[in-house]
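Following the hints, complete the assembly by docking chain B onto the known chain A.
Residue numbers (my numbering), protein chains in the order written: chain A, 1 to 114; chain B, 115 to 227.
Wrong hints could be hidden among the right ones.
As the list claims (entries may be wrong) - Going by beta-carbon spacing under 7 Å, a handful of chain A positions derived as facing chain B:
#1 42
#2 43
#3 45
#4 56
#5 90
#6 102
#7 105
#8 106
#9 107
#10 108
Unchecked claim - No more than 20 Å apart at the CA atoms, straight line, and that leaves these computed lysine to aspartate or glutamate pairs for EDC-like:
#11 156/B <-> 197/B
#12 181/B <-> 117/B
#13 181/B <-> 171/B
#14 184/B <-> 121/B
#15 226/B <-> 75/A
#16 214/B <-> 82/A
#17 57/A <-> 117/B
Source of the hints: derived by calculation from the structure; they are not laboratory data.
Where a beta carbon is used, it is the ideal one built from N, C-alpha and C, also for glycine.
Listed here are the chains, written in short residue letters.
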Amino acid sequence: KAGVTQTPRYLIKTRGQQVTLSCSPISGHRSVSWYQQTPGQGLQFLFEYFSETQRNKGNFPGRFSGRQFSNSRSEMNVSTLELGDSALYLCASTSGQIHQETQYFGPGTRLLVL
Amino acid sequence: QKEVEQDPGPLSVPEGAIVSLNCTYSNSAFQYFMWYRQYSRKGPELLMYTYSSGNKEDGRFTAQVDKSSKYISLFIRDSQPSDSATYLCAMSGFGNQGGKLIFGQGTELSVKP
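So that you can see chain A by itself, here it is in the shape it has in the complex:
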């Protein structure tokens, strides 16, 4: 079974621009979570989607948004990029069943904001 895939793997943007990242979960998984990883803050939860609905959201500004499609693929968008948004953005998928909290991560998208 193929793992979680993320595209693109690397991105360079400038301040003020916006960016869209894509995540394809493991086949059959209906829940996709997004995380931001930085050296200073570690891995921080952004949001989670299940069956096209945002089920939970972390403490990030409204510039960070996401969506999920009917095939469970998910995108996250960051508008008005800031230097501090430079990070590794990871998505993880799971079946989404209650008690089934094992999450499988993709390789991440490394975003550099100049």
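Only chain B this time, still in chain A's reference frame:
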């Protein structure tokens, strides 16, 4: 204070040593406990998954959860250079937590040949 505390290391051990990695947490609602391994410039890879208290063993890896002390551990026996990576503990609560995992800062481990 962070919900999950983990010593960032770095931790350096000789090949064959037993490695002990630990996390403490403050939220008594946490029920699911995981250990992930992350190699440089890669995504985290799930190593161990434990529900509630107790021990779990998988090959050279043993995970322990002590909910009364809010303390979890990962032991690596006969450590190998290929174990050199960052180890992240993660945990979440019950019910509709919406996939939200709370991670420790990660411990950087180096196993020297």
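Evaluated hints:
{"no.": "1", "hint": "42", "in the structure": "holds, 5 Å"}
{"no.": "2", "hint": "43", "in the structure": "holds, 4 Å"}
{"no.": "3", "hint": "45", "in the structure": "holds, 5 Å"}
{"no.": "4", "hint": "56", "in the structure": "holds, 3 Å"}
{"no.": "5", "hint": "90", "in the structure": "holds, 6 Å"}
{"no.": "6", "hint": "102", "in the structure": "holds, 5 Å"}
{"no.": "7", "hint": "105", "in the structure": "holds, 4 Å"}
{"no.": "8", "hint": "106", "in the structure": "holds, 5 Å"}
{"no.": "9", "hint": "107", "in the structure": "holds, 5 Å"}
{"no.": "10", "hint": "108", "in the structure": "holds, 5 Å"}
{"no.": "11", "hint": "156/B <-> 197/B", "in the structure": "holds, 14 Å"}
{"no.": "12", "hint": "181/B <-> 117/B", "in the structure": "holds, 14 Å"}
{"no.": "13", "hint": "181/B <-> 171/B", "in the structure": "holds, 18 Å"}
{"no.": "14", "hint": "184/B <-> 121/B", "in the structure": "holds, 15 Å"}
{"no.": "15", "hint": "226/B <-> 75/A", "in the structure": "violated, 40 Å"}
{"no.": "16", "hint": "214/B <-> 82/A", "in the structure": "violated, 24 Å"}
{"no.": "17", "hint": "57/A <-> 117/B", "in the structure": "holds, 17 Å"}
Consistency note: the structure conflicts with the earlier hints numbered 15, 16.
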